[in-house]
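Asker: Taken in sequence, the protein lines are chains A and B.
Under this note's numbering, the final residue of the first sequence carries the number 114; numbering is consecutive throughout.
Under this note's numbering, the final residue of the second sequence carries the number 1113; numbering is consecutive throughout.
To be clear, the hints were calculated from the coordinates, so they are not data collected in a lab.
Don't be surprised by glycine CBs; every beta carbon is placed ideally from N, CA and C.
Each hint should be verified, as a subset may be incorrect.
[What the hints assert, rightly or not] Looking from chain B toward chain A, a few residues come up when the C-beta cut is under 10 Å (computed):
no. : residue
1   : Ile1013
2   : Arg1042
3   : Thr1105
[Said to hold, decoys possible] Here are the simulated DSBU-like pairs of lysine-lysine, each with C-alpha atoms no more than 30 Å apart in a straight line:
no. : chain 1 : residue 1 : chain 2 : residue 2
4   : A       : Lys57     : B       : Lys1071
5   : B       : Lys1071   : B       : Lys1100
6   : B       : Lys1100   : B       : Lys1057
7   : B       : Lys1057   : B       : Lys1071
8   : A       : Lys57     : B       : Lys1110
9   : A       : Lys57     : B       : Lys1017
Residue strings, one per chain:
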Amino acid sequence: KAGVTQTPRYLIKTRGQQVTLSCSPISGHRSVSWYQQTPGQGLQFLFEYFSETQRNKGNFPGRFSGRQFSNSRSEMNVSTLELGDSALYLCASSLGGSGQETQYFGPGTRLLVL
Amino acid sequence: KNQVEQSPQSLIILEGKNCTLQCNYTVSPFSNLRWYKQDTGRGPVSLTIMTFSENTKSNGRYTATLDADTKQSSLHITASQLSDSASYICVVILTSGTYKYIFGTGTRLKVLA
Chain A
1 KAGVTQTPRY LIKTRGQQVT LSCSPISGHR SVSWYQQTPG QGLQFLFEYF SETQRNKGNF
61 PGRFSGRQFS NSRSEMNVST LELGDSALYL CASSLGGSGQ ETQYFGPGTR LLVL
Chain B
1001 KNQVEQSPQS LIILEGKNCT LQCNYTVSPF SNLRWYKQDT GRGPVSLTIM TFSENTKSNG
1061 RYTATLDADT KQSSLHITAS QLSDSASYIC VVILTSGTYK YIFGTGTRLK VLA
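Next comes chain B alone, as it looks inside the complex:
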């Protein structure tokens, strides 16, 4: 069982609509949780970084939330654009001695005109 699970695996929405991607994790304690956007054929780009004490973090039309009690994070995309079509990856960074990156398998989002 993955320590960081993302849902849905893939999602298709129409341009202009909102959507929410989920990330459930079992690992703890962690230093921070991140969301990355990865366009096809490119490296990931950081969207948000949240420490365990933060509940929400925004970056333009992207808003990440974190519930440390339920061990869930979500990424909400508002007024989607065609350029939002990408894979979105949730990453939990553990710090016990050295830090360790635990990656989710990602959600593939397709925005249609």
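Chain A extracted, bound-state conformation:
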């Protein structure tokens, strides 16, 4: 069974631009969560989608948004990029996202904002 895939793996953008990241969960998984990882803050939860609905949200500004499609694939969008948005963005999938299931992480998208 294929693991979680994320595209692109690397991305360079400039301040003010917007970016869209994609995540394909493990087949059969309906929950997709997004995380931001930086050396200073560590891993931080962005949001979680289940059956095309945002079910949970972390403390990030509205510039960070996402969506999930009917095939459970998810996209994350960051608008008006800031230098501080440079980070590794990870997505993770699980069967139902109950908070008690194992999450499987993708390799991440490394975003550099110049």
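Dock chain B against chain A, hints included.
Answerer: The following block gives chain B in isolation, referenced to the frame of chain A:
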């Protein structure tokens, strides 16, 4: 102050030795506590998941313990291998309404030959 604190921040040990990583948390009540291993350049991989009522959980050479009274968890690695070199992250999952992931900042382990 972080709600989930890990120590030490980094650790260097020789191959074959044992080591113990610590995780202290202040948040409660929680649904479960997890330990992840993250290799450089890769996403985290789940090692153990423990509910608040469990005291210990093993996964091969990895054994996690949980003391809900002192709000401490530890991850013990037995007979370390070079492939154990990674960051180890402790995560507490809160459930009050919706669930919330509180991450520790991790311990960076380096195993030397």
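Asker: Take the hints in turn and mark each one as holding or not.
Answerer: Okay, the hints, checked on the actual structure:
For the restraint placing isoleucine 1013/B at the interface with chain A, the shortest Cβ-Cβ distance is roughly 22 Å, beyond the 10 Å limit, so the hint is violated. Interface hint status for arginine 1042/B: upheld, as the beta-carbon distance to the closest one in chain A is roughly 6 Å, under 10 Å. The criterion of a C-beta within 10 Å of any C-beta in chain A is met by threonine 1105/B, whose closest approach is roughly 4 Å, and the hint holds. Between lysine 57/A and lysine 1071/B, the direct Cα distance comes to roughly 26 Å. Compliance with the 30 Å bound is thereby established for this hinted pair.
Taking the CA atoms of lysine 1071/B and lysine 1100/B, the gap is about 18 Å. The hint holds against a cut of 30 Å. For the proposed pair lysine 1100/B and lysine 1057/B, the alpha carbon gap of about 22 Å is at most 30 Å, so the pair holds. The suggested pairing of lysine 1057/B with lysine 1071/B holds, with an alpha-carbon distance near 16 Å, which does not exceed 30 Å. Of the pairs offered as hints, the one joining lysine 57/A and lysine 1110/B is violated, with about 34 Å between alpha carbons and a cut-off of 30 Å exceeded.
For the hint linking lysine 57/A to lysine 1017/B, the alpha-carbon distance of about 41 Å lies beyond 30 Å, and the restraint is violated.
The structure fails to meet hints 1, 8 and 9 from the earlier list, while all remaining hints are met.
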